[in-house]
Every structure is written in structure tokens, then in C-alpha cells.
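Engineer: Protein chains in written order, with the numbering used here: chain A, 1 to 336; chain B, 1 to 336; chain C, 1 to 336; chain D, 1 to 336.
No lab work stands behind these hints, which were simulated from the structure alone.
Heads up, a few of these hints could be off.
Identical copies look the same in the list; a pair holds intra-copy or inter-copy alike.
[Stated by the list, open to error] EDC-like cross-link-like pairs, simulated, lysine to aspartate or glutamate; straight-line CA separation at most 16 Å:
no.	residue 1	residue 2
1	Lys-262	Asp-244
2	Lys-272	Glu-96
3	Lys-205	Glu-161
4	Lys-97	Asp-171
There are 4 protein chains.
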Amino acid sequence: MTVRIGVIGTGAIGRDHARRINQVLGGARIVALSDVNRASAEAVRDDLAPDAVLFATGEELIASPDVDAVLVTSWGATHEQYVLAAIAAGKPCFCEKPLATTAEGARRIVDAEVAEGRRLVQVGFMRRYDAGYVALKQAVDGRIGAPILVHAAHRNPTVPEQYVTPMAIHDTMIHEIDVLRWLLDDDYVSARVIFPRAAARSHAKLRDPQIVILETAKGTVIDVEIFVNCHYGYDIQCEVVGEDGIARLPEPMAVQMRLGAKLQNEILTDWKDRFIASYDVELQDFINAAARGTAAGPSSWDGYVAAITSDACVAAQEKAGEAVAIDLPPRPALYS
Amino acid sequence: MTVRIGVIGTGAIGRDHARRINQVLGGARIVALSDVNRASAEAVRDDLAPDAVLFATGEELIASPDVDAVLVTSWGATHEQYVLAAIAAGKPCFCEKPLATTAEGARRIVDAEVAEGRRLVQVGFMRRYDAGYVALKQAVDGRIGAPILVHAAHRNPTVPEQYVTPMAIHDTMIHEIDVLRWLLDDDYVSARVIFPRAAARSHAKLRDPQIVILETAKGTVIDVEIFVNCHYGYDIQCEVVGEDGIARLPEPMAVQMRLGAKLQNEILTDWKDRFIASYDVELQDFINAAARGTAAGPSSWDGYVAAITSDACVAAQEKAGEAVAIDLPPRPALYS
Amino acid sequence: MTVRIGVIGTGAIGRDHARRINQVLGGARIVALSDVNRASAEAVRDDLAPDAVLFATGEELIASPDVDAVLVTSWGATHEQYVLAAIAAGKPCFCEKPLATTAEGARRIVDAEVAEGRRLVQVGFMRRYDAGYVALKQAVDGRIGAPILVHAAHRNPTVPEQYVTPMAIHDTMIHEIDVLRWLLDDDYVSARVIFPRAAARSHAKLRDPQIVILETAKGTVIDVEIFVNCHYGYDIQCEVVGEDGIARLPEPMAVQMRLGAKLQNEILTDWKDRFIASYDVELQDFINAAARGTAAGPSSWDGYVAAITSDACVAAQEKAGEAVAIDLPPRPALYS
Amino acid sequence: MTVRIGVIGTGAIGRDHARRINQVLGGARIVALSDVNRASAEAVRDDLAPDAVLFATGEELIASPDVDAVLVTSWGATHEQYVLAAIAAGKPCFCEKPLATTAEGARRIVDAEVAEGRRLVQVGFMRRYDAGYVALKQAVDGRIGAPILVHAAHRNPTVPEQYVTPMAIHDTMIHEIDVLRWLLDDDYVSARVIFPRAAARSHAKLRDPQIVILETAKGTVIDVEIFVNCHYGYDIQCEVVGEDGIARLPEPMAVQMRLGAKLQNEILTDWKDRFIASYDVELQDFINAAARGTAAGPSSWDGYVAAITSDACVAAQEKAGEAVAIDLPPRPALYS
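The shape of chain A in the complex, shown without the other chains (with noise of 0.2 Å):
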């Protein structure tokens, strides 16, 4: 069976998932296409899906008897109303960062995932697919013992003008918070930031670098530097303390080259080279899943802890060098 995809929302980032389903996996078709400029949904008919009728509206889209799949690629805002009628639709539905702008958005989200009774969500947190990662969890959780500490680090050659502090948590470390627990198949109980001194690249309205520390319920704990103005490249580290060794996330595959009276390996400067490989494997994950009428993946229960602990990373950030709390919830059933 093919699975038949609509995309809601065909930017960049829809686009590039359009290609990727229609040129790179197998498996599924794009069939319909929905964007409110109109143009740009074409533009991604014309050049990838010539199959593909346009929909006036994500709604509409959603409740076409020939889409069995939704792709949420549009403006954050509008996420959480659309997974909503995915659900009610019955329809799995792939949906970008973030799954609601709040995290009683998220929330809403898994209400109605819990009334339906079946996953109908996967999160776009790709880091989960990328194949460094997924070794390193086969580290994590068969060579080095329990994990006690770790170790990260998100770096960014440079952030723009409008990138302010909350930023750091709500764009990038979002991120780690979202892998790392899956790393460590663990919650959050408490989040601290620390703030060196600005770096001199950074502005008046961003104090960067931070280091954020998270403790987890089973008692290991997290520092996280995040350094958006760090210059010399986009750089990812992750490195896990267990009780029997340490296991680190593998560098980017770079040829090694002696050039210059230097031993030197390139380092990527764009962040959307870095997991690039991952999107194909979270997506054929997606259709996969929905092939058999479910999702699997980060589920919106992931994508409501994530919104929970952003919120308290930046309670954290306003209180610099005091631990603030995370509680969750109980966990729902259905994302045991």
C-alpha cells in the first residue's frame, strides 16, 4: 500500500519533505497540498508533486477521503489546530517543531490523542533518528553502565539580531532536551542556568554563551553549554559518564587531511547539513507507521515534556544560578 500524504504548510522545510517523499522513500505519494500563499503550494506541485491537487485550506486537506497522512510544515502558530483535526480526523499526522506554541497547547494535543486511544502523532524531533545517536544509545544502554553524568554542547557559528535569550532554549536547546531524555530514557525534575560572561559576538539582548544544567529523576545530571555565537562552526557533543566508561556522540564523517602544517577535519558551519540524513529516516519512519493507521517516533506526550522543560529552562534563565523545578504530569498510558 502507498500511503497518501497532504502537507499542510509547503516552505522550506515542506518542500524539502515533499521531495523527500516523493523522490528519496518509498512507500508513499504526495497527493495533496495546502499553503496560504497559494503560490508556493503550486510551486511544489509543479517542481516535485505533479500529482498533488491543492487545498484552499489545512482543513480541507485533512478531511479529503484521498489523504491518509498529514505533514504539518506550516508557521508554528498554526500547528496545534491542525494536529488537532488530524486527530479528530483519525489521520496519523507528522508535525515540525514545535507541536504548540504553549505548552498547554501540547497538552491539548495529547488530550485528544489519549480520547482517540492510538498514536496519530509523530514530533519532528529528528536527532532521534541520526545514526550517531543511535549508536551512542546502544552505548548508553548496553557497554558503559548506568549513566550518571553527561556532558553537551550546542554551538552555533552566529545567530542573527532578533535571537534573544529564550531563544537559546526554545530554538536550540529544545534539541538536547528532547534527545537526551530519550537518551537516557528519563524526565527532567530540575533545570539551573549558569551565565559566564557575554561573549563579545554576542548583543544586548542575548547572553550567550549559558551552561544549563537539568538533574534528572533517576539522578543523573545534564550540563548543556549552548554557545550561538561560538564562530568557528556548528559543532554538537554529547558525552555520557556511566559507571563503567564514557561514550561520546561521533564526529560528522570528514575526511582527514594533513594540508598546511595542520592535522585538520572540516567542521560544518550550517546547521541543516549536520543531521541532514536523519529526515529521511524519521519520515520513513512516519509513513512506515502510517501504513499501518498509527505513528511511532517522539510522540506528542514528547513534544508536551519538551514544552514543559523549555519553560523551565527559561524560568531558569531569568533566576541564573537557581535550580527551578519541572513536574510533570503523570504519563498517559498510551505513551508507556
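Given chain A's structure and the hints, the job is docking chains B, C and D onto it.
Structural biologist: The following block gives chains B, C and D in isolation, referenced to the frame of chain A:
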């Protein structure tokens, strides 16, 4: 358009390619299967390709108007006849190694394709599609100056008793023969083999390890260590020395661990894992070209040159220490 | 001129330094020995320093006109008295850690040296002489821009039962306290300790591992993982994040092996091997300065600051999570 | 006892060894100097060895009853006569490379030493004292099984115009010739040289790079890349392939940096820095043995074998591609 593919030979590799096409890749479907062991073809149909029709012979499969393109994954001795039939039918054809069991057989395929006037054959030299070699080629082409030397190694942990000295060329070194020629954009002019004492884990009919030295038309010298009883792992190394610097094939991605007084990465032990991702890229390239009615990637000419070079290397094994000339006929314009 | 050195305390470290001076280094000779256990001093004389005269007390040794400079390698509780006596005698004095058992004691030494008006004391912080740290300091000073963050780790495979939580500061972290201050050319203003769950290999009186977070006067934040039951090896890590890039302490030299499906280097397990070469450099520096009648390298002031900082870190252990201020008195001009 | 050393030849290396002995190492003093350029000897006396007496000739220096041991660091053509004189005087003698300018000359030294009946000569093959090679030898002897293959490289960034093809053996490869023989505890039986096209940075009288292939008595095959115009740095590589695994010479210690989109270590560019620490260890070994009236480390025999092997390699350059036999006379018992 979906390319309708028929598979001739449904053993391990045929089955795996069928899975790839129907479950992983986009743009093609398995519509036909054939195997001398009909039960094998039936099993692939039942497990992976429910829409496929079974044919009694490869020739009938090739002749079917419902088949757009052909995969030849049968027993090596039958490759030539099926590839020739596919060319005669004007259908794109992917052929696993070897293209033919003799250089003469490969030459017949080249001649048939040249007569047909367009590329129809892709040979299964998958390393050209490996992300590591692709990155290495970028470095060789643009970063380290013109190549002068190549140091390579191809190591297997162990081989069975029936693996004899010439197989070190035909089954093992064959991959370096093709990929280094592609990497350097060059042709070989001589081969020489130097044998150290045999490894203790070798056996009477196998001189192992060995150093094969190839000289190219542009004057580059390549040394390849072939060591198929190296014991410690399956390990492929390649280092290119250029006028300005050196580039090295990336090691496979691995989690670095600190464990038991060792800073350690795992080394693969099974050759099937080493280039596994490249099979997907290779077949997608075949599908994409087949959709345009042609073939891309490693050509019949490449298969023919590999056969001539292999024969010279085996002759060089017999004349240990002496250089054996490699005389290539002129390259037809079709492959320029 | 050959510097005539007397050694007070001929236990393991005193004996080893005597060997260094008489057999490895240039410019000095052991001429005097003293130990509360006379047999120990006799053995060192017989094995390593045949020309040495034995003294009943350290004070007598210091007073001897044949002694130009003194090594204090006795039991820690006696360091202060011998160092004060050496200063009073105007003789250069090398003192192993700790300079004194309390910050007040160290202060008395500082005051005495300031009163004397010249540097006479070198404290045995040998890491400043390690080739790796020296190279790291060059990178920090000239390559990566002004430092903003430091990530460090000090890991031991195991510790005995009598090793309790404050010893993680006084015996272990003390090295990071001194070397990072030197590396950054900065002073500490606060300490904070964060404890994850205790490792299974820890014991009731030891909370292990722990993260010590130091903030400096220039606003750099340092996180040091101390993990003395890490099991896998003795491992010292240090990474400095600057405005322009990151520099990392070199790993100890090791042969890379491909063995048993692992790409592996050995990690040391005995702390004594890690900085062994730096002891030679450290003592040569002492000899060279002593020949000029003075002292170089880590000063009394550095020992005093380390003591104050250690006390603050222990206080921070007791107030887990809270920042404890580190108030340093003004630095005397002698140490500027 | 302090070994009283006389230095014959006070150019760059003689001066540096004098500094070592008087300022860095223990157990010896420079008491005598001689140079054809008396001003050079005076300058070394004034700067580094105030106690040294100047002698008009090396022979007079050797004859002096105040000289216990001799360093021969004069012009290469004079080495033989001074070494023979030292042997005749029964004094330990350290001789920089070459031991003699011909194999016959080296043989005369061997014969004289054998006649004397004890080791008196150490040849300045310092790599045997390098910590990296020592660690590699431990791995070769105990970890990777019996050696079968060695891959080595000796790369210089550039050489002057007067450096011609045979110098690649006599001045460059000579180090590999000695150290690999020591590493493998083996002797050479043949040499072969293979030339790729010359590098663009080479010149008319220098074929560069080249691959020298040595075969040993135990059947190990060694390939050494010599590339003295490699441009990027001074780089020494050595990898030993054994029955069970592979061991690799450690890279020189370097700070890993993340800077300018590169993960980078510095590569040395000046050969003098590469083995600088090994000179100290080498000379200390000489001093320690001289104190016992004998010599240790690389022997006259090693120097003689290196000369014979070098001659064979140069002959092999002239017969590019062909194997040239290396016939060693029986090893005298003195060197077993």
C-alpha cells in the same frame, strides 16, 4: 513515472536489492522475478514483492513488455548472457560484480552497448557511492593538489579454505581496482605484487598478505595491502598523497568509548556492514537513470577495465616482484 | 655552580626527587638528608646520594652552611614549619603540596616571604610544567580568543575507603584549582558543587562524582567533573572555550592499535604515570632559580590561594547547589 | 662519578650536545673542546662550558688523561679517524651520523672495536630513544603478534637544490633503515625502489617522492614513502602490521583545536623539533654507559649495517623497480 524492475537471481543479494527497491527507495517497483530455483523467487515475491510476476527464465523476464529495467543478481557465470539480452532489448540493466567472468566476455558487453549507442549498463561497484569515498574524491579533486601516491589497505578478518591466492584479486582487490581508478580519474599501466612471508593464519593455497603496486598513466603509484587473514576486523584504508597534502578515507562512524583502560572505537568485522549505505545510493542512481531510459555510474567499460586489470594482477602474483604491463584498448567515445 | 640541596622527608616522593636531582637533572647535588625515620634517610643516602650528610632534624639541615636549597617532602603537617625555617634562613625551598594544612598557615608563609622581600618558595604544583598544559596555555593565550568557559574532568579509577568527600577537593581538585588559575591568568570569585546520584562504586562517606563550578574574576565559568570511582582509568581532561575557538589538553602519547575489532589507545590507570615527565621540568626550574638565590614557578601566594579556594569548595559541597563566595585578600606586589 | 667529556666538532650539533651535558643531563661535564675553527670552540667554552680546555686537534683531545669519553660531532668525513682513535685509547665515544662515509670505513671501526673486545661506540641514531618508537616497540613485541608488514613515511616540507636523489637515502631514509631494523629485531635482505612521477616541487636532480621496499630475513616487507617536498610539514609515520593487529607510531603531542571550521592539530614543519626530546635520552644513555667504561645503544655494527643497506638502496634507485640484494657479513659476537 515508476520504473518497473525485474530481478534475475533471487539469492541473498537479489533479495536484498528487491527489499531496497520496494521498501527503501523511491521511483521503482519490483514487477518481475526469476531464479533457477523457483522457490527462491516465490519466497521473495511473497515476502517483499507481492505484485511481482514470476518468469521461468531471465530471457523471458527481460522480454516482458511490463519490465522497464533489469537487475542481474544471478550466479556470476550467467551475468554476461543476461546483460547482453538486456542490451539487445534496449533496457537499462544493473549487473552485480562481475560483469562477466572473463575480460573477453566484458568486452562483448562493451561492444554490444557501443553498438546500441547509449549507456544501458551499470556495474555494481558500490564504493563509488560511499559517502566516505565521495568526500575523499572531493578532497583529492580540490584540496591536496594533483595526486602522486596512494596507500591503501583491504583487510578481512578471515577467509574460508577455498579462498585461494587469485581470489585476493578477483574477489577482494577488485573493489580497489575500480574505486581508485575513479578516485584518481586515471588508468593503470602496470601491476606488480610483492609477497612478505605468509601469515600464520593463512593456508597452503593462499599467499596472504600481499602488496599490489599499480602504476597509472599519469604516473601515480598505488600500493594496496591485501590481508584477508588480518584477524582484527574488516578494515578499508585509503590515503592519497598529493602535491600539497594528504587526504584519508574517513573511518566508519563509531562511538568513542573510554572503557577498561582503553580509548576505543569499534572496528567492523563483517564486510557487509562497511558499505551498506552505499547500496541504497547506488540503486537509486540506477532507478533515476533508468527512468530516463539510460544508465549512469560504473559502466560496462569500467567493468571491462577492471577485468583486464585483475587479470594483470593475477599474472603479477605469478611473477612475484615483476611489473606486468596493463594495455588497455582505446576507450570508446560512449564512455568518455 | 652546583646547587647543594638538602631533602627533608625521604619517603616515596622525597626519594624520587633525590634520584631526579642526582641522576637525571643537571646543576644540583643532594648533600643533606633528614627524616624522622633515620633508616629511611640512610637508605636514600646509600642508594642514591652517597655524598649526603644525615641530619637529625629538618631545622638542623636547613641551618647547615653546606646546604644551598631545601626540598620539603615530609609529612604534610610539618611543611609549614620547614618552609618558614627555610625562608628565615634565606634559602630557596621547594615544598610539596600542601604548602600548609590550613589557609592561615599558608598565609603565614606568604607574610614571611613578603617580609623577606624575595621569592624563596616553589610549591609542587607540577602540572604547570606538563608539556600538554604548556601547549594548551599557548593555544589559550594566542589562538582561541579570550576564554569564556572551561570544561574539565579529573577521574581516578578507584579510591580507598578512607577517601571522603572533602578529599575530592583537597587531594584531587587541588590540581585543577591551581592549574586552571594559571592557565587562565585569573582568580576565582565563587564555587558551587552539584552532585548527581552517587556512583555504585562509591561508599557511604563519599559523594562521587561531583561537578564543581568555579566562576572567575573575568567572568569565565569552569565546570570540573571529579569522579574518583570512574573505574576505566586515570583521565585528565581540559577544554577551553574562547571567543574564537576551542583548545583541548592533549591526551597522553599512546600507540594506536587495531586489535580485536577495536581501534584503541591505552588509557593510564596510575596517576603517578600521568605527569611523570613534569616532575623533572619542575625540579630543574627550582634548581635553576635556586642557583640565582631565588624561586620561580608556583609561589607561596599560589599555594595560599589554592588553600582558600579549596576551603570554599568544601563549603560549597556542604551547601550543594549554592554558590559560595571566594574572597581573596589583595595580592602582594612580590607576586604580581 | 662525573664523566669528563670532550667534544670534537663544535658546530650546531656539537654545541647543542654540550649544552645538554652541562645544563640538562646529570652525571657528566664538558672538560675539553676541539674544532678546526678554534673560534667556534672558544664560543662554546665561553657560553656553555667554562671549565673546558681547548685542544688543537681531536687526536690530542682524545689522548688527554682528563677526558673520559668523547663526542664526535665534527664534519662527517672526519668521523672515522676520531672514532678509531677513541677506540685505540679505550675511551667510550658517541659519534653522530654517519659513523663513516663508506661502508668500508664503518667496517674498520667494527673491526677495531671487536679487536678491543668491548663496546665503546654509540652511533647517533636517536630515534631508538624517542618515546613514541619505544612505545611502538613494546606494542610490536607484545601486543600485535609477529610483524609481517611495515608501512612507513618520511616527509619533509622542502629540501634545498643541492639535495639530490641519493641523499634521500643517505640523509633521510637512513633513520628508517636503523630504527625499523631495531623495531623488528631483524636484518634486511633486499631493497627495491619505485618512483612515481616526480612532484612538481622537485627539481631536475631529485626524483621525489619514492617508495623504498625492504625485505627482511624473517620475511617482513617494509614500504617507506620518502617525500622531501611534501610541502605540508615534517611528518614521520610508521605502522606495523602483525599477525593479530596493527600498531601505529604516535603522532607528536598537539593541542586539538576547533577553529575556523576546522578540527585541527598542528603538524611540525622543522625536523629539529620532531625528535628533540630523544637527544636528551640518547646522551644520558651514553653518559650512563660511559660511567661504566663502555657504550650502549646503537652500535658500530648498527652503523655498518646502515651503511651497507644505504648503499643497496642507492643501487636500487639506479635500477628502479628491481630488487637489489643486501648481503650482510656474519655478525660478530660482540654485537649479539
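Engineer: Going through the numbered hints above, which ones does this structure break? Give me the numbers in ascending order.
Structural biologist: none
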